[in-house]
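Residue numbers (this note's numbering): 1 to 273.
You may find that some hints are simply not true.
[Claimed, not checked] The calculated label-pair distances, taken between Cβ atoms and stated as ranges, are: (1) Ala171 to Ile247: 11 to 21 Å; (2) Gly47 to Asp261: 35 to 45 Å; (3) Asp130 to Arg45: 20 to 30 Å; (4) Asp151 to Ser62: 20 to 30 Å; (5) Gln183 to Asp211: 37 to 47 Å.
[Stated by the list, open to error] The calculated DSBU-like cross-link candidates involving lysine-lysine, where the alpha carbons are at most 35 Å apart (straight line), are: (6) Lys191 to Lys260; (7) Lys260 to Lys15; (8) Lys128 to Lys246; (9) Lys175 to Lys15; (10) Lys260 to Lys115; (11) Lys260 to Lys175; (12) Lys128 to Lys260; (13) Lys175 to Lys191; (14) Lys191 to Lys128.
It should be emphasised that the hints constitute simulated quantities derived from the structure, not laboratory data.
It should be emphasised that the depicted structure is a prediction, and the values quoted were computed from it without experimental measurement.
Glycine is no exception: its CB is placed at the ideal position from the N, C-alpha and C atoms.
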Amino acid sequence: MSTLTLRDGTELYYKDWGHGQPVLFSHGWPLSADMWEYQMLHLARNGYRAVAFDRRGFGRSSQPWDGYDYDTLADDVAQLIEHLDLRDVVLVGFSMGGGDMVRYLTRHGAGRVAKLALVSAVTPFFLKTDDNPEGMPAEGFAGIRAAITQDRPQFVADFSALYFGTNRPGAAVSKGILDQTLQMAAQASIKATIDCVTAFSETDFRREMADIRLPTLIIHGDDDQTAPMGPTALATARLVPGAQLKIYPGAPHATCTTHKDQVNADLLAFLRN
1 MSTLTLRDGT ELYYKDWGHG QPVLFSHGWP LSADMWEYQM LHLARNGYRA
51 VAFDRRGFGR SSQPWDGYDY DTLADDVAQL IEHLDLRDVV LVGFSMGGGD
101 MVRYLTRHGA GRVAKLALVS AVTPFFLKTD DNPEGMPAEG FAGIRAAITQ
151 DRPQFVADFS ALYFGTNRPG AAVSKGILDQ TLQMAAQASI KATIDCVTAF
201 SETDFRREMA DIRLPTLIIH GDDDQTAPMG PTALATARLV PGAQLKIYPG
251 APHATCTTHK DQVNADLLAF LRN
């Protein structure tokens, strides 16, 4: 396996496919780099270098006790970019992974970065507060942490209905996809899975997102039941100057799977333009 030993000793797994301008993918919670396989295959076949990693505590990366805050996760991204000497890289973050990429830009700058794509991302601020009334209530996130602590596999199995939108009439997701998703989530550390709920729900990216000056693509489904587009995609589009917003009618959170052909086409067009 391809792994990088980070400064704190954590082993970070990554896959590196194809040749050309690099595209770096950060996965959603509680999955792994494998969620990107359709996008990586498509871009590598079309002349790009597709790189994806398993976040610390997830997938094939090691499982340290701590480090599940966005500053540390962004520093992990920076070490991978430096290790692979990625330049003119396009950053692509899905769901929680959108925060990885935004915080990387804040802490390490855009010197190596060409563009940014946020797919079903939880940015800019997911928690409901007095100045963020569209956010999700803190009690809901506390309930998620409690459910994971009690029965993590069953929580993930139940969560999949919202993630893929299979609780909607006419939704069709194969048993194989559902099994693969559960397998990816099962690889993760329970500690990382719990701690990252706090990270993606309580981190406020609003100020730093307003400073982004890169070409930015935002993709989101308008039937996203886990990260509704009001406090996420629409808020991001208002904050990032010149951002391109693509709303997928009827799409759930799992756009990279349920709408993979559309995501692939939109990412490729964004890279080429």
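Taking the hints in turn, this is what the structure says about them:
no., hint, verdict
1, Ala171 to Ile247: 11 to 21 Å, "holds, 18 Å"
2, Gly47 to Asp261: 35 to 45 Å, "violated, 18 Å"
3, Asp130 to Arg45: 20 to 30 Å, "violated, 48 Å"
4, Asp151 to Ser62: 20 to 30 Å, "holds, 25 Å"
5, Gln183 to Asp211: 37 to 47 Å, "holds, 38 Å"
6, Lys191 to Lys260, "holds, 30 Å"
7, Lys260 to Lys15, "holds, 19 Å"
8, Lys128 to Lys246, "holds, 24 Å"
9, Lys175 to Lys15, "holds, 25 Å"
10, Lys260 to Lys115, "holds, 20 Å"
11, Lys260 to Lys175, "holds, 17 Å"
12, Lys128 to Lys260, "holds, 30 Å"
13, Lys175 to Lys191, "holds, 27 Å"
14, Lys191 to Lys128, "holds, 24 Å"
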